[in-house]
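Following the hints, complete the assembly by docking chain B onto the known chain A.
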Amino acid sequence: MRVALFVPCYVDQFYPQAAIASLELLEKYGCEVHYPKNQTCCGQPMANSGFEHLSGGCNHNFVKNFVGYDYIVAPSGSCVLHINEHLHDDEFPAEAKYIREHTYELISFLTDILKVKNLEASFPYKVGMHQSCHGQRGLKLAQMSELNAPAFSKPMDLLNMVKDIEMVELDRKDECCGFGGTFCVAEEAVSVKMGKDRVADHIKQGVDYITGVDLSCLMHMEGILKRQNSKVKVIHIAEILNGSIK
Amino acid sequence: MKVADHAQRADIFNQDEKRVDWHDETLWWIRQKRDKIAHQIPQWEELREAASSIKAHTLSNLHNYLIEFEKHAEQNGIKIHWAADAKEHNQIVHQLLQKNNINQLVKSKSMLTEECHLNEYLQEQGIDVIDSDLGERIVQLAKEPPSHIVLPCIHKTKEEIGELFHEHLGTPKGNSDPQLLTEAARIHLRDTFLTRKAALTGVNFAIAETGEIVICTNEGNADMGAHLADIHIASMGIEKIIPKREHLAVFLRLLARSATGQPITTYSSHFSKPRAGTEIHIILVDNGRTRQLGREDFRSSLKCIRCGACMNTCPVYRRSGGHSYHNAVAGPIGSILAPNLDMKDFADLPFASTLCGSCTNVCPVKIDIHEQLYKWRQVLVKEGHVDPKKAIAMQVMAKTLASPTLYHLAGKAARITLKYAPFVVNNKFNAWYLQREMPEVPKSSFGEWYQQNRKDS
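Chains as they are written, first to last, in UniProt numbering: chain A, 1 to 246; chain B, 1 to 457.
Chain A with its partners taken away, still in its complex shape:
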């Protein structure tokens, strides 16, 4: 299975360890993983700001880089949702469609395509799971609290396979952290307040780490935790599942 690793721009620049863990995880489960080196971004920063019409160049570059693979996998729910819903290319419409339909967020790729049943990982810490909105409500990685529907959680299915990990229950299990792309600076006051409240919920449950599938949310919460001089750290779920940190 030929898999292309899509590393979202901010992960590439600021959280390479999450991308390395994703790469190693995919390889562990037998994928032939490639990293197309001229990839940049999914185009979401422009689109969510109302400038989707300017994302054509970005889309075209995405298609050029990710054409010809069985699957495209990324350690991000938000960027993948954007690709799934919005990737178009006038020059290569069929290729864009294939990519749109074969781009997966890492966790759902592990559970749904690779059907992972065992993990060689241990993480002896107390951990809170941050359900990012685009991963949860968008990609349906877990059941949302709004619906009257059976509970499930793909990230929890995998985290439960990790040895020695202690997962906590949050008071508000799927409230938004307030990152929201350009919202985090355009609506600074509300964004920060949302982040502070989310972080406080995890701290209240006594966590050592906050994890999640989206580093954008985690970066926002990390910024708040650090400003508070908190000992609580953030970690991408791939690093836990890969056993990157002993």
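No lab work stands behind these hints: they were computed from the structure.
Certain hints may be false.
Said to hold, decoys possible - No more than 16 Å apart at the CA atoms, straight line, and that leaves these computed lysine to aspartate or glutamate pairs for EDC-like:
hint: 1; chain 1: A; residue 1: Lys37; chain 2: B; residue 2: Glu448
hint: 2; chain 1: A; residue 1: Lys140; chain 2: A; residue 2: Asp171
hint: 3; chain 1: B; residue 1: Lys36; chain 2: A; residue 2: Asp171
hint: 4; chain 1: A; residue 1: Lys233; chain 2: B; residue 2: Glu437
Okay, now just chain B, sitting in the frame of chain A:
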């Protein structure tokens, strides 16, 4: 003068963090009540789907159902008026009062009259208007607009209400006992109900099949007003139509559960014909609704039954308050309705969201609210209602991200800046840094790591 936008107003709201916490927790409690009762109904999701389908069908055949409603209402002895916009609506109300030499009006909750700014208009014409919904009366005494469509004074603490009642209704100073305050309001409103010759109400549902209207309240104030007055004026947006009485069951099961977590509103009153010697007038108001109906991407916003569930669940609404939306209808639904009324004035609202999608999934009529917020952003940018500085920044960003070379340069530059000259970024001009640290700079980007550690790049 430019009105302050949502972000500026939210910034002010957030200067009192304890108050934000209280506002957030109060509304979250209502969201939890909604979850509890909605999850007790096994067919909840099917009910939502049914409601959404009935509304979609009705909107697709709105013309026919409006004509059918008019015909049946008139057969019942109700007088129908058509208003193209807010101005016409207000004039119709005024003329009806003038014709009957009435200069006092009692009004139950109607977000449409807020949208039309009826109170201000009537006051200018010398008409005395008293709002009879307790929450509405409180904000009226405070000379403020409602901050929530179901809970108009949710932004006020009981202490503030006690103070307001002391000033206006003579309750003891410093007393904020809800029982005492409600009793004072009750006595004050009873006198109003008994002396008013005209009552104005909103409309929750108008049934085409029977020509009747249904009004849902918890306080019975619409009934008190309408039953004691000689003239009952009911104002409704044209989207309030449902085809048949049997459809009402679907909506009544959803409305109060979604709104406040109750199984049903205390009063769901049907008004089908005037009592002997009295009149019922129904004003059917367009005010931009047909324009919205013509916008394919935003048409389904007209399905809204005004339950307010999207506000209660919205993490942004809970932490910015209803007044930050500077529109009669606040929150997520207000943010997709308002730009239809005036794109320039409300260009900020579709951006007052993280697009978390909670609104869409609590909505009892399944309006894809967060997707419409995204689409409004695209429309507003194309129509030029965006800060020119932001437009330039976006063009630069789009160029950079379309070019791997520029992207790698920019990424490296950003990391170098953060590492060796953090003061360039870590200052008060960077909104991120005001209350958050910047991320730590890694030794290399993933791209650089891959080139050094893997062969096939």
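Enumerated hints in conflict with the structure, sorted upward: 2
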